[in-house]
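Q: The primary structure of each chain is shown beneath.
Number of protein chains: 2
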Amino acid sequence: MIKINENYLKLPGSYLFSTIAKKVKAYQETHPDADIIRLGIGDVTLPLAPAVIRALHEAVEEMGNAATFHGYAPDLGYSFLREEIAKKDYQDRGCQIDADEIFVSDGAKSDCGNIQELFDETAKIAVCDPVYPVYVDSNVMAGRTGEYDEATGKWSNVIYLPCTMENNFVPQLPKEKPDMIYLCNPNNPTGTTLNRDQLKVWVDYANENDAVILYDAAYEAYITDDDVPHSIYEIEGAKTCAIEFRSFSKIAGFTGVRLSFTVVPKALKSGDASLHDMWARRHGTKYNGAPYIQQKAGMAVYSEEGRKEILEQVAYYKRNARTIYQGLKDAGYAVAGGVNSPYVWLHTGEMTSWEFFDHLLEDANVVGTPGSGFGPSGENYFRLTGFGTYESTAEAVKRIQNLKR
Amino acid sequence: MIKINENYLKLPGSYLFSTIAKKVKAYQETHPDADIIRLGIGDVTLPLAPAVIRALHEAVEEMGNAATFHGYAPDLGYSFLREEIAKKDYQDRGCQIDADEIFVSDGAKSDCGNIQELFDETAKIAVCDPVYPVYVDSNVMAGRTGEYDEATGKWSNVIYLPCTMENNFVPQLPKEKPDMIYLCNPNNPTGTTLNRDQLKVWVDYANENDAVILYDAAYEAYITDDDVPHSIYEIEGAKTCAIEFRSFSKIAGFTGVRLSFTVVPKALKSGDASLHDMWARRHGTKYNGAPYIQQKAGMAVYSEEGRKEILEQVAYYKRNARTIYQGLKDAGYAVAGGVNSPYVWLHTGEMTSWEFFDHLLEDANVVGTPGSGFGPSGENYFRLTGFGTYESTAEAVKRIQNLKR
Numbered sequence: 030m031i032k033i034n035e036n037y038l039k040l041p042g043s044y045l046f047s048t049i050a051k052k053v054k055a056y057q058e059t060h061p062d063a064d065i066i067r068l069g070i071g072d073v074t075l076p077l078a079p080a081v082i083r084a085l086h087e088a089v090e091e092m093g094n095a096a097t098f099h100g101y102a103p104d105l106g107y108s109f110l111r112e113e114i115a116k117k118d119y120q121d122r123g124c125q126i127d128a129d130e131i132f133v134s135d136g137a138k139s140d141c142g143n144i145q146e147l148f149d150e151t152a153k154i155a156v157c158d159p160v161y162p163v164y165v166d167s168n169v170m171a172g173r174t175g176e177y178d179e180a181t182g183k184w185s186n187v188i189y190l191p192c193t194m195e196n197n198f199v200p201q202l203p204k205e206k207p208d209m210i211y212l213c214n215p216n217n218p219t220g221t222t223l224n225r226d227q228l229k230v231w232v233d234y235a236n237e238n239d240a241v242i243l244y245d246a247a248y249e250a251y252i253t254d255d256d257v258p259h260s261i262y263e264i265e266g267a268k269t270c271a272i273e274f275r276s277f278s279k280i281a282g283f284t285g286v287r288l289s290f291t292v293v294p295k296a297l298k299s300g301d302a303s304l305h306d307m308w309a310r311r312h313g314t315k316y317n318g319a320p321y322i323q324q325k326a327g328m329a330v331y332s333e334e335g336r337k338e339i340l341e342q343v344a345y346y347k348r349n350a351r352t353i354y355q356g357l358k359d360a361g362y363a364v365a366g367g368v369n370s371p372y373v374w375l376h377t378g379e380m381t382s383w384e385f386f387d388h389l390l391e392d393a394n395v396v397g398t399p400g401s402g403f404g405p406s407g408e409n410y411f412r413l414t415g416f417g418t419y420e421s422t423a424e425a426v427k428r429i430q431n432l433k434r
Numbered sequence: 030m031i032k033i034n035e036n037y038l039k040l041p042g043s044y045l046f047s048t049i050a051k052k053v054k055a056y057q058e059t060h061p062d063a064d065i066i067r068l069g070i071g072d073v074t075l076p077l078a079p080a081v082i083r084a085l086h087e088a089v090e091e092m093g094n095a096a097t098f099h100g101y102a103p104d105l106g107y108s109f110l111r112e113e114i115a116k117k118d119y120q121d122r123g124c125q126i127d128a129d130e131i132f133v134s135d136g137a138k139s140d141c142g143n144i145q146e147l148f149d150e151t152a153k154i155a156v157c158d159p160v161y162p163v164y165v166d167s168n169v170m171a172g173r174t175g176e177y178d179e180a181t182g183k184w185s186n187v188i189y190l191p192c193t194m195e196n197n198f199v200p201q202l203p204k205e206k207p208d209m210i211y212l213c214n215p216n217n218p219t220g221t222t223l224n225r226d227q228l229k230v231w232v233d234y235a236n237e238n239d240a241v242i243l244y245d246a247a248y249e250a251y252i253t254d255d256d257v258p259h260s261i262y263e264i265e266g267a268k269t270c271a272i273e274f275r276s277f278s279k280i281a282g283f284t285g286v287r288l289s290f291t292v293v294p295k296a297l298k299s300g301d302a303s304l305h306d307m308w309a310r311r312h313g314t315k316y317n318g319a320p321y322i323q324q325k326a327g328m329a330v331y332s333e334e335g336r337k338e339i340l341e342q343v344a345y346y347k348r349n350a351r352t353i354y355q356g357l358k359d360a361g362y363a364v365a366g367g368v369n370s371p372y373v374w375l376h377t378g379e380m381t382s383w384e385f386f387d388h389l390l391e392d393a394n395v396v397g398t399p400g401s402g403f404g405p406s407g408e409n410y411f412r413l414t415g416f417g418t419y420e421s422t423a424e425a426v427k428r429i430q431n432l433k434r
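Protein chains in written order, with the working numbering: chain A, 30 to 434; chain B, 30 to 434.
Hints are computed from structural coordinates only; laboratory data are not their basis. Incorrect hints may have been included.
Copies of one chain are not kept apart here, so a pair can be met inside one copy or by any two copies together.
Okay, derived cross-link-like pairs now, DSS-like style, lysine-lysine, Cα gap no bigger than 25 Å in a straight line [unchecked claim]: (1) K268 - K116; (2) K32 - K229; (3) K206 - K229; (4) K39 - K52; (5) K337 - K433.
The whole structure should be built from the sequences, with the hints applied where relevant.
A: Given below as structure tokens:
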């Protein structure tokens, strides 16, 4: 027998969104006339902003001329982009992050999935529950999670931090000490946030307990409330305990363009070993840099014109999220999120998450995401996203309201 | 202390090409007038072909319109590209590879580096020596290689397959049984090849010994001789024992564009477990698909016009490689490669590889790659590449010839 990594075989079913896609496809095949509205996967629908399109065309043009052609990019990203990010996303906000602490890559999903490689195989993870499935799944593949229990939907060696209506979606410090703590803020899927004081509790805890916070800030652009930090480095002490993931996908509609970055501070150390240097080594060995074209498009996101255009797009999606939030609330649903996030998180009442998924698909032709797919405490919840068009979003809300009548 | 993956700390020095870049930079800073010719890293210099540029512009235009915008790509690649690859690279050559056995990604380096995750941590690797450093380094990070011995330049738990002038660069079957066998054909850095009969020996061996061949065919476009296979699937039995890596970097100058694919046949199984399904699961969990724009550019490579244009580029680089090969041979160097490969591999005589590197940099202002960076049997060898301009290549050859006078 070929000696495979048996941990892969422990993963139950397939990746959440693949399962949903298959279910929707099957429904559509048997109901070809159904006008299905997709508020499930967190994919954007607006086209790229004009400033981004112009930058892409210009970069393509450069690639067609010998004098301006670009071959291999620097593994860690072009200086022009790393400097722009360090300045505008960090230094302008008072965070002392340098350009060489920014690692440009092709997606926060890749980076969130790969980051666990830097840790020992015995390191123990803690995750908010519910949360983006990649954190747990990538650790299952690495053999850190123990065994899966079908009955509870839990892995024996994972510390779950329940985030439910009961605790107002604020994770409590665990009794057992974790080595890696995944925090997603604003959280996917609940759309809820930790404010500065609540995040400070975790930063202090991590520093005191030699744990590292893997901080996913992919939804940073949706933050509305002043007391929610845009970066974990706004919190004192974070540079010695936190790695931050950021994405161009949600702020600028780059889901199909692929560009992101990760911040690993030079101050993050394990004895003499620098996690910054380890991540650089990983990039140098298993990655060949983000494409030049994409990095130029990323620059356009920081230009005055680009910024204005993309913030209009974010405002458009925020309006959708508010429409869902308010519409569902009016219809009597218990809802969360929708303010600092494109996501609305609703309680499904008597139905399980997947029952509600089928109900919504079949009776309203609306696709959402079952909360249980994000962790055991997501059961009886459901996620809807503000990434559709305004018209389809409003129509979906109307259909869901009609179901209650 | 933070619980890090200590295996990372075992890696000696930094990645080969980073070290070279630093050395060249230091030389240039102290010799600002030196006209340095770089025939070191395997990066291309010709701009993208016109058909590719057109495809990129068209795809960018689509991304700017709501009706034709593309968000998240399918994790495994768009069907249009997977089908084109399956047909033109495989079925047209008589290889029965289906579109759903093609996994599109952002680079052969990423895939070659990540593929080891599918195997058990106790799996033993065999590598040609010398070879592309990513195979060994990615397994060092995963803890499969044992300890490094400075004196021999060898890892205690790696099976080395020496490929030198003495055995005409044909690796012999090992005494000890490996679980993973990395073969690069045409080989990087030696530029030498295995023909069909020689490759068949390895396919049969892998099938008989439950080993998997990780077959890197990134330089396939440079194959000139008829008896060198373009794909391992031309060899009977390969579908039950081989994974193939291909790249658009060297055939179409995509080093800065980033596009590649990996073939994992459905017939490749470990008991009931399918390595095809495992790789699909990895893509679904840790990758978010290659960008739409890039995949459209990949399609242009297969168009009639695109094919004609890129083959002219390959011919241009091949002419460079022949020029180096012949020029060095005429100057009395023992040389290999240069026929089925953009790489020429020369013996450095009395000098070590790094001594020759410094000699060439300082006395001829030519940058090449020290053979010892590719493995212990690469000591006393040196790699030059045909990816420069013809003019600079001819000039570099002249300078090297003059050193001998």
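Q: Run every hint past the structure and note whether it holds.
A: Against the structure, the hints:
no.	hint	in the structure
1	K268 - K116	within (17 Å within a copy, 51 Å between copies)
2	K32 - K229	between (45 Å within a copy, 22 Å between copies)
3	K206 - K229	within (17 Å within a copy, 53 Å between copies)
4	K39 - K52	within (23 Å within a copy, 46 Å between copies)
5	K337 - K433	neither (39 Å within a copy, 62 Å between copies)
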